[in-house]
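Visitor: Chains as they are written, first to last, in the numbering used here: chain A, 1 to 332; chain B, 1 to 332.
Any given hint could turn out to be false.
Since the list gives no way to pick one copy over another, a pair counts as held whenever it fits inside one copy or between any two copies.
Distance condition first, Cα-Cα at most 27 Å in a straight line; then the derived DSSO-like pairs of lysine-lysine [claimed, not checked]: (1) Lys-266 with Lys-22; (2) Lys-266 with Lys-76; (3) Lys-22 with Lys-76; (4) Lys-192 with Lys-303; (5) Lys-192 with Lys-48; (6) Lys-176 with Lys-266; (7) Lys-48 with Lys-76; (8) Lys-176 with Lys-48; (9) Lys-183 with Lys-76; (10) Lys-139 with Lys-303; (11) Lys-22 with Lys-303; (12) Lys-22 with Lys-192; (13) Lys-192 with Lys-266; (14) Lys-76 with Lys-192; (15) Lys-303 with Lys-266.
FYI, nobody ran anything at the bench for these hints, they're computed from the structure.
These numbers were taken from a predicted model, which means no experiment stands behind them.
2 protein chains.
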Amino acid sequence: MPELRRDPITGRWVIIATERAKRPSDFKIDPTVPHGAFCPFCYGNEDKTPPEVLAYRAGDPQPDAPGWSVRVVPNKFPALMIEGGLGREGEGLYDRMNGVGAHEVIVETPDHARQMADLSEREFESVLWAYRDRILDLKRDTRFRYVMIFKNHGAAAGASVEHTHSQLIALPIVPKTVLEEMKGALEYYNHKERCVYCDIIRQEQQDCRRVIYENGSFIVLAPFAPLFPFETWVLPRAHDSAFEDCQREEYALLANAMLTTLRKLKTALSAPPYNFMLHMSPFNEQDNPHYHWHFEILPTLTKMAGFEWGSGFYINPTPPEEAARFLREVNT
Amino acid sequence: MPELRRDPITGRWVIIATERAKRPSDFKIDPTVPHGAFCPFCYGNEDKTPPEVLAYRAGDPQPDAPGWSVRVVPNKFPALMIEGGLGREGEGLYDRMNGVGAHEVIVETPDHARQMADLSEREFESVLWAYRDRILDLKRDTRFRYVMIFKNHGAAAGASVEHTHSQLIALPIVPKTVLEEMKGALEYYNHKERCVYCDIIRQEQQDCRRVIYENGSFIVLAPFAPLFPFETWVLPRAHDSAFEDCQREEYALLANAMLTTLRKLKTALSAPPYNFMLHMSPFNEQDNPHYHWHFEILPTLTKMAGFEWGSGFYINPTPPEEAARFLREVNT
Numbered sequence: 001m002p003e004l005r006r007d008p009i010t011g012r013w014v015i016i017a018t019e020r021a022k023r024p025s026d027f028k029i030d031p032t033v034p035h036g037a038f039c040p041f042c043y044g045n046e047d048k049t050p051p052e053v054l055a056y057r058a059g060d061p062q063p064d065a066p067g068w069s070v071r072v073v074p075n076k077f078p079a080l081m082i083e084g085g086l087g088r089e090g091e092g093l094y095d096r097m098n099g100v101g102a103h104e105v106i107v108e109t110p111d112h113a114r115q116m117a118d119l120s121e122r123e124f125e126s127v128l129w130a131y132r133d134r135i136l137d138l139k140r141d142t143r144f145r146y147v148m149i150f151k152n153h154g155a156a157a158g159a160s161v162e163h164t165h166s167q168l169i170a171l172p173i174v175p176k177t178v179l180e181e182m183k184g185a186l187e188y189y190n191h192k193e194r195c196v197y198c199d200i201i202r203q204e205q206q207d208c209r210r211v212i213y214e215n216g217s218f219i220v221l222a223p224f225a226p227l228f229p230f231e232t233w234v235l236p237r238a239h240d241s242a243f244e245d246c247q248r249e250e251y252a253l254l255a256n257a258m259l260t261t262l263r264k265l266k267t268a269l270s271a272p273p274y275n276f277m278l279h280m281s282p283f284n285e286q287d288n289p290h291y292h293w294h295f296e297i298l299p300t301l302t303k304m305a306g307f308e309w310g311s312g313f314y315i316n317p318t319p320p321e322e323a324a325r326f327l328r329e330v331n332t
Numbered sequence: 001m002p003e004l005r006r007d008p009i010t011g012r013w014v015i016i017a018t019e020r021a022k023r024p025s026d027f028k029i030d031p032t033v034p035h036g037a038f039c040p041f042c043y044g045n046e047d048k049t050p051p052e053v054l055a056y057r058a059g060d061p062q063p064d065a066p067g068w069s070v071r072v073v074p075n076k077f078p079a080l081m082i083e084g085g086l087g088r089e090g091e092g093l094y095d096r097m098n099g100v101g102a103h104e105v106i107v108e109t110p111d112h113a114r115q116m117a118d119l120s121e122r123e124f125e126s127v128l129w130a131y132r133d134r135i136l137d138l139k140r141d142t143r144f145r146y147v148m149i150f151k152n153h154g155a156a157a158g159a160s161v162e163h164t165h166s167q168l169i170a171l172p173i174v175p176k177t178v179l180e181e182m183k184g185a186l187e188y189y190n191h192k193e194r195c196v197y198c199d200i201i202r203q204e205q206q207d208c209r210r211v212i213y214e215n216g217s218f219i220v221l222a223p224f225a226p227l228f229p230f231e232t233w234v235l236p237r238a239h240d241s242a243f244e245d246c247q248r249e250e251y252a253l254l255a256n257a258m259l260t261t262l263r264k265l266k267t268a269l270s271a272p273p274y275n276f277m278l279h280m281s282p283f284n285e286q287d288n289p290h291y292h293w294h295f296e297i298l299p300t301l302t303k304m305a306g307f308e309w310g311s312g313f314y315i316n317p318t319p320p321e322e323a324a325r326f327l328r329e330v331n332t
């Protein structure tokens, strides 16, 4: 069973994968599956993954067989285990608990040759519905407090399988980065009685220098203080704290905004590796006036180094005004 | 002038390097200087760096000429500029200030062919004295609140110059990671009236499973909740909040502990890229009972991916008990 452990100084939790422990010699192997190797996410290989937890199919709904457009399966090498209790315990001044959680893979298309930026808006929208359906299901498990939905594209961004996919990890604790954002947003709200993200959107719409794209419901921004070059946020224009409570027509507009952004990044930066993450409120405070769900997209262009690790302070060589201008001008 | 910008939600500051702005096409260039290219840190090339701010020389002390063993120069491409005032200002809900700070390079040996792990204990000790002398000098500049001393070894760990060197960045603000550690350590102290690091050392010495090495003044540990495989901390055994106030003989023992650790990592992990960072108290609270200065060493074995970026939660595939056992058993 993997273990969750808490740093006694900063309170940060880590997942220690005790059962698939890596020895020193294991780190020499490049984990990326080579192009052309057997792919468990391809059409016809449905029996090579654990049984699906969700799939969208036209016609006869036969599980774990071809005919699907989007398919969600448990990760074959999960960071956390779905079975068992939390088993919280102390050990002197240290705290640990069982590594209980869900770790699932959202296969975005049966076609191995396509990247996420190559999907149609309708196909992309289906992936967003799959995110939503999985969140709604996992919320019912009272052991979980948060679901992190994310995508790693390219080996440099941590992808170990080439076939385009996203992942989700449901956690028994609210992770540090989410707590920090929630706390900052709540403090701002307590002070001003306005959502800080709503205020950012208003200011950016007046200023325009950091706006990359806008449609009827979504705005795409280069944030004022980005950690990384070409960091990009996609936010609903109207206040909303829960991704999974969007109106039906909003998922189509979100697909349009996300796809436009991924295509602009692909063109401007020659198909870079990237990560994206869905930031939303924890399960126990989903409907609130202070937090504003959004996606953050990080192209992998620079490396973390000692200064960043030691200080949590990032050196970004591309001002967001420049990044936004480049991306605005790219046609997709 | 580079700019410091503050994220309005989390309060995290970033350095935006506005003057050497990178355009999209700049990211395709590998910044590592190829082996055998001209090296400004080599013996005889002293006029190819900005004038030195410190050097240790035997005999005739002629600056910016050969004869040195350790040499400190301003970074030719600094992330921050040494001249000017802080110029704090707001822009709607955003905050910014001038990117004022010092960015220096500590060239650890004139010999291009040697890595830091190849230095003798006496040579390593000289590098530590250079760290100390620069901290004592920069503390006198009232604009600065912190000095981050760090090393990037290998291109994957962010090194852009091959010749072995460390860096320091003096900052007008206390960085986020340091604030978090100080806050956690102070809360523990307020609760228990003991330093949390002293308590960790006591518990680890009794437990032994995560102890890698010990000498008269220093202990080397795999921390209980490491973010990364083979993350290693080097701490003074007795309470001490200020690195630069060590007793004279302690620098020799620190050189022994650091060098032993770097050599063990080099052997166990086939000369991995790595970062190390000196963690110490901010300038305005240097002598305190709650914080305990130390070095953290992070071999670059895994990649940050979407889950880590979004959650601040790390998946570590090597339990620290395993890592410590491997490193204890490596002879150096």
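Visitor: Next step is simple, just say for each hint if it's right about the structure.
Guide: Here's how the hints hold up against the structure:
In this homomeric assembly, Lys-266 and Lys-22 come within 27 Å of each other (Cα to Cα) only across copies, at 17 Å, whereas the closest approach inside a single copy is 34 Å. Proximity of Lys-266 to Lys-76 under the C-alpha cut-off of 27 Å is found in neither arrangement, the shortest distances being 29 Å within a copy and 33 Å between copies. For the identical chains of this complex, Lys-22 and Lys-76 are intra-copy neighbours only, at 17 Å inside a copy versus 40 Å across copies, given an alpha-carbon limit of 27 Å. When the C-alpha separation of Lys-192 and Lys-303 is checked against a cutoff of 27 Å, the pair qualifies neither within a copy, at 37 Å, nor between copies, at 39 Å.
In this assembly of identical chains, Lys-192 and Lys-48 lie within 27 Å of each other by CA distance neither inside one copy nor across copies; the values are 53 Å within and 53 Å between. For the homomeric pair Lys-176 and Lys-266, neither the shortest alpha-carbon distance inside one copy (30 Å) nor that between copies (32 Å) is at most 27 Å. With identical chains, the CA atoms of Lys-48 and Lys-76 are at most 27 Å apart within one copy only, with a shortest distance of 9 Å there and 54 Å across copies. When the C-alpha separation of Lys-176 and Lys-48 is checked against a cutoff of 27 Å, the pair qualifies neither within a copy, at 35 Å, nor between copies, at 45 Å.
For a Cα distance limit of 27 Å, the shortest separation of Lys-183 from Lys-76 qualifies neither inside one copy, at 35 Å, nor across copies, at 39 Å. Within a single copy, Lys-139 and Lys-303 get their C-alpha atoms no closer than 35 Å, and across copies no closer than 29 Å, so neither meets the 27 Å cut-off. Proximity of Lys-22 and Lys-303 under a CA criterion of 27 Å is satisfied in both settings, with 23 Å inside one chain copy and 14 Å between copies. Taking the shortest Cα distances, Lys-22 and Lys-192 never come within 27 Å of each other, neither inside one copy (49 Å) nor across copies (37 Å).
Taking the shortest alpha-carbon separations for Lys-192 and Lys-266, neither the intra-copy value of 39 Å nor the inter-copy value of 53 Å comes in at or below 27 Å. For the homomeric pair Lys-76 and Lys-192, neither the shortest alpha-carbon distance inside one copy (46 Å) nor that between copies (44 Å) is at most 27 Å. In this homomeric assembly, Lys-303 and Lys-266 come within 27 Å of each other (Cα to Cα) both inside a single copy, at 19 Å, and across copies, at 21 Å.
Violated hints, listed in ascending order, are 2, 4, 5, 6, 8, 9, 10, 12, 13, 14; each of the other numbered hints is respected by the structure.
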